[in-house]
Amino acid sequence: MYKIIILLAIIATAASATSGEKSLPEFYTVDMDNNEVALSDFFGEGPIVISFWSTECDPCKEEQVHLNKLYKKYKDDGLHVLCISTDTSKTVNNVKKHIKANNYKFTVLLDVDNEVMTSCGVPAIPYTFLLDNAGKVLHEKLGYRKGDEKKIEEEIRTYYEEMALKEVFDKAVEEVESGTHSE
Amino acid sequence: MRLPYLILSILLLTTTLSGAIDVGDNVYIIGTNTATYLQQDEDHQRWMWDDLTTELTVMNATIGIKAELYQPKRLKFGNPPGSEEHNVISRRYLRYKDDTITAYIGHYEKTLGRGLTFRSYYNAAFDEDNIVDGVMASTDVMEFADVTALFGSWTEDGHDNPHRARAAEVNLYPFGLFENLPNRMLALKGEIVSAEVDDAGVGRDLQMLGGGGSFSWDYFDVYAEYIQRTGYDVYADIDDNAGAGLYVAGNVYIPYVSLGAQYKDYDHLVYPFSDPPAVTHSGQSINDGGNEKGYMFTAGSRPFDELYLEGGYAKSESEPEVSGTSTTTADIQEYYAKSTFDVPIEALDMTLEAGYTYWDESSLRVDTVLGNLMTGTLRKWPWGKLHYSFLDDHSVSLEGEYESRTLHQSERTYTDRRWDIGYTFRSITGATVRYEDSNELVSERYGPGINDIRKVHQWLWYEGFVDIGARHRLILGYGAQRGGYVCSSGVCREEAPFTGFKIELTSSF
Numbered sequence: 001m002y003k004i005i006i007l008l009a010i011i012a013t014a015a016s017a018t019s020g021e022k023s024l025p026e027f028y029t030v031d032m033d034n035n036e037v038a039l040s041d042f043f044g045e046g047p048i049v050i051s052f053w054s055t056e057c058d059p060c061k062e063e064q065v066h067l068n069k070l071y072k073k074y075k076d077d078g079l080h081v082l083c084i085s086t087d088t089s090k091t092v093n094n095v096k097k098h099i100k101a102n103n104y105k106f107t108v109l110l111d112v113d114n115e116v117m118t119s120c121g122v123p124a125i126p127y128t129f130l131l132d133n134a135g136k137v138l139h140e141k142l143g144y145r146k147g148d149e150k151k152i153e154e155e156i157r158t159y160y161e162e163m164a165l166k167e168v169f170d171k172a173v174e175e176v177e178s179g180t181h182s183e
Numbered sequence: 001m002r003l004p005y006l007i008l009s010i011l012l013l014t015t016t017l018s019g020a021i022d023v024g025d026n027v028y029i030i031g032t033n034t035a036t037y038l039q040q041d042e043d044h045q046r047w048m049w050d051d052l053t054t055e056l057t058v059m060n061a062t063i064g065i066k067a068e069l070y071q072p073k074r075l076k077f078g079n080p081p082g083s084e085e086h087n088v089i090s091r092r093y094l095r096y097k098d099d100t101i102t103a104y105i106g107h108y109e110k111t112l113g114r115g116l117t118f119r120s121y122y123n124a125a126f127d128e129d130n131i132v133d134g135v136m137a138s139t140d141v142m143e144f145a146d147v148t149a150l151f152g153s154w155t156e157d158g159h160d161n162p163h164r165a166r167a168a169e170v171n172l173y174p175f176g177l178f179e180n181l182p183n184r185m186l187a188l189k190g191e192i193v194s195a196e197v198d199d200a201g202v203g204r205d206l207q208m209l210g211g212g213g214s215f216s217w218d219y220f221d222v223y224a225e226y227i228q229r230t231g232y233d234v235y236a237d238i239d240d241n242a243g244a245g246l247y248v249a250g251n252v253y254i255p256y257v258s259l260g261a262q263y264k265d266y267d268h269l270v271y272p273f274s275d276p277p278a279v280t281h282s283g284q285s286i287n288d289g290g291n292e293k294g295y296m297f298t299a300g301s302r303p304f305d306e307l308y309l310e311g312g313y314a315k316s317e318s319e320p321e322v323s324g325t326s327t328t329t330a331d332i333q334e335y336y337a338k339s340t341f342d343v344p345i346e347a348l349d350m351t352l353e354a355g356y357t358y359w360d361e362s363s364l365r366v367d368t369v370l371g372n373l374m375t376g377t378l379r380k381w382p383w384g385k386l387h388y389s390f391l392d393d394h395s396v397s398l399e400g401e402y403e404s405r406t407l408h409q410s411e412r413t414y415t416d417r418r419w420d421i422g423y424t425f426r427s428i429t430g431a432t433v434r435y436e437d438s439n440e441l442v443s444e445r446y447g448p449g450i451n452d453i454r455k456v457h458q459w460l461w462y463e464g465f466v467d468i469g470a471r472h473r474l475i476l477g478y479g480a481q482r483g484g485y486v487c488s489s490g491v492c493r494e495e496a497p498f499t500g501f502k503i504e505l506t507s508s509f
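Sequence lines, in order, name chains A and B.
Going by the numbering used here, the residue at position 5 of the first sequence is 5; the numbering climbs one at a time, nothing skipped.
Going by the numbering used here, the residue at position 318 of the second sequence is 318; the numbering climbs one at a time, nothing skipped.
Worth flagging that the hints you see were computed from the coordinates, not collected in a lab.
Please note that the accuracy of each hint is not assured.
[Unchecked claim] Here are the simulated lysine-lysine pairs, PhoX-like style, with alpha carbons at most 20 Å apart: (1) K338/B - K61/A; (2) K61/A - K105/A; (3) K105/A - K73/A; (4) K69/A - K151/A; (5) K61/A - K150/A; (6) K61/A - K293/B.
In this text, all values refer to a predicted model and were calculated from it rather than measured experimentally.
The shape of chain B in the complex, shown without the other chains (with noise of 0.2 Å):
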């Protein structure tokens, strides 16, 4: 049988099923679905794409799929490449899990530690799939102690052979010895890696070994992790060359206030399957713990019930990389400050938000023969928000970012500006209007003050949605779409740029 009609048969029986036959005590079918039809975007056109996600669960033990579908308009000359029928069960997998055991067969996403040393994960935001197929169990042993121990496989885009990890950490509970205190107060962790790296078909040895800790008390909290990593050094390219990483972050909880701080220091740590914090508000790092070190200060207030303040500072720099004759070094600088107002006024139902981004990323080379230079892009942002609730069935928002981006090597700016009003009937059916547009300056592509083109990119979308019943969202939009990790008719997901027409189901089951 074809995928599609696999696929959508799935999808019709699943939800027939859970919607109109009682399946019993301790059998659970469970799942989304995310129908998108008469999608046409700005590289090729798209008829119908299907995303299906479902678990069926009997007592403990899970079988769960994702499935995706994409079927575009048949062309009368053919389709271009890219733009061919595509179906794919992108994860399978086989899972049992109780209050102490937690086994994977398939793909599955784990953490270990704050992902210094591995992280199986899919980020919609950014579109990365780096889910691991292979086999993880974790288990607890008694009240003091807990082992993971996993290995699997990823093809990265780009490679044919996959690159292989595997991995284990146990955590270990001192207080879990003592009725007294708390069981997991206090944590000490230690993880071992050993991982092969695919590189252009020859697989690379290398090794991470570390540990850390940490305290979690009513008024703060402290984390800390160090790993040292020995074998072949991604980053650099070279065999045997080793490596390091330290993250500590640690929070002081004072009635109302929150205060915060992180540290970074990596050294040629990055490899496939690591992705630590980046230790920025915007999580953007320098190059994601191949060779960078910085600090965050953070702070958070609710002084009274109306008010809610936040704001933060971070600076990440990199070692200085020689190559010939230059010098390089990497730095990003961050300010960032928020607050939410409610309106005290009982007959005015009305939320006020606003905030402002400062962003500097640089990156100077200094070379003495070349000369210096000097790239990157300084950013500023101010942003605001309207939420006003009226007559009990009533909500509009009214939403307005601008953003500067000011290019270090030619000093030039454009700009970034959104504009968004949506508008809710009884939470079940609502409308959004959003207009965006930025100037680009083309030019850039070619150096710096040759052919100054300006373009300026407008993009004006309009959607309504309406609920049908709990579980579905019909959602129906027009217009041009630029896309990104979008906020809109209350729910927050990744949206793929494109222009045209579209329908979309979102359903649960």
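Excised from the complex, chain A in its bound form (with noise of 0.2 Å):
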């Protein structure tokens, strides 16, 4: 009986994979600085990166070579990337020290107690998001190979791409809607 209810379990796990949307629910949290964060305090402006990582994990530092550039390329686009650091108290201290030998710009958030990782559902790390302005999921991977930073960047782009056809869109609602539109 229970091969069965196994059998359906795999199945109802793998249809879930394509189907769905999915949102990460509201966290709270610190940063380096031990000032509060929460995560909508990053809505509204453009698409935000959260990237869950160690100080021991090394495929988590080699993405964040990657993280870091793409930050530095988008930042003023709008784009948010949120690292949260899973280390314990016994790591911790080298959280600044590692963002600031390696002069990354972007936001560093603490998960002393993993309870941030637990309430968005990752299994292991490295795994990273890709969030609308809204917190709405559009990408998430587990794991990091060299590589994988390019899907991230085209998901990025095709989210700036689709933003400003909507923007055109709306206006041009708007324009037809107001009687200003010329043909």
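With the hints as a guide, bring the two chains together.
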């Protein structure tokens, strides 16, 4: 009997892989200077990249080199990059040292008790989300291999193109409704 | 309903719901599930293992559970001890959280300060389950303070009765009173703990009191914590024996360079709920805060985009411990250095990493009757990695590690080696082959110079993965795996040692 349930569970998880939208729940944590931060603080401007990492995770640190490049390239277009450290109290002292030594400019948050990681459904690190400016998940990825950063950039560009098209469309609709649109 | 059916029904329900039904604003069903099938380990066969973590959040309230299901293959004449069916909900909690208040009923993870007085946690890398069951509440008091109060208990392996603790922490942020200063640049803290430690069925009381503070600025930060303990001394197993602990960390940041220093002085501080910083790069200490002092210096720099350098030195030592005619001292000395280099040729997307660690852990017993004896291990550990991406869709990685261990007692040396080669296509599928060997000196179990039997262990592991959509990873593996904290296929996780064939499906929903 439970073999059937296992099989159905596998089918259900696979089925949910491509269906349904997902948003991350609001979370509250602190940055490296212990200032309180909420996820919603970053809504409203541009897309948000969230990456869960640790100073003891080498693939995580490899990914950060590219996340920093992405941030520098798109920050003026409203991109936020949040790197959430899952370092515990034993290694949290290494977080700011690592960030400052590498001269990274993205936002770093701390998740010492792994509460945010659990709330976001992160099974292992590195785990990366791309959200729209309202918290809806556009892309998510478990792990990092060299080259993965290209996929994230592709998704960011797609988001900006769609937003630009939407802006043009909204403006055209407004003009038609106000009678100012010319053929 | 039997627990396995319940867990799998929850899994089925939650994944279906999250995938197919719009649950509405401010309602979230989120979690992860790792299902492992057909796994066979060295000690006994496993048929299925499932680890489900899920949270249902409505507005600011959350119900969470973590369930573990272990279903061994039923052997004809019964399963040996340790391989019986094992199904448990290992975590269940109710949480309320908004921007000023956090409250838990049930299991919670929480660290006060840097863990000198209280830490409730689960460490997957070392399979340490020190999660407390109780109540915890934390609240902000306007802009210049926050308060945490908690109580809880957990039962340590080998104990029939739980350990219990009650604790409170207050953080003050004086700069919150001034509009022009960063609110949390300066923090002052006070902590108090009252605990009852189970000792063979007898509860022994101890108390902790202390405080500290931190100052954080763009160019430097400093953290300090001092704690005094009274009552039961867990380390020496003596009632009414005082102890204390001091931890200080400071960092300086100048453009492209970070310098750091840490200092610890722990004197009979350890008890079941504490987990103070080790002040070593490896995270290992002499006795987890029982009786040790030490320091560590580190430096890191990215002088230009393509090159990162890091290194450090740590030393710890224990106070001499006298027992009869012998006096024992222990110490640890550690050096490490590592670098990462991105090859600055645009057509060649390659990264090289290399490092070296020197670790010397020794214990010297001076005995006026039996003579001197030195035990411990000297480890030397160079390693290297190469990561290469080509033709946009392909990447390969090659990693190698070599570790030599010399036992001080016998001066015998044995070695561990690891090679790892991996390939990924379009970040959605890939394969890894890992080889490890270790020539353990079996004879050390029976005494030096007796029956010098050298046994070589070898592990060869083949693994492939494919991502199913964005939220699921299917892993197929075959061979022998040594186990431990492993980074493979671009993911870091704890792996149990085993041999055989494995299918693993990791999902997030």
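Proposed proximity, K150/A with K61/A (alpha carbon, max 20 Å): 16 Å, holds
Restraint check for K105/A with K73/A, where alpha carbons must lie at most 20 Å apart: 11 Å, holds
Satisfaction of hint between K151/A and K69/A, Cα-Cα up to 20 Å: 14 Å, holds
K338/B paired with K61/A [C-alpha distance capped at 20 Å]: 13 Å, holds
Pair hint K61/A and K293/B, alpha-carbon separation not exceeding 20 Å: Cα-Cα ~31 Å, so violated.
Holds or violated: K61/A to K105/A, with C-alpha atoms at most 20 Å apart: 14 Å, holds
Hint 6 alone, counting from the list given before, is not met by this structure.
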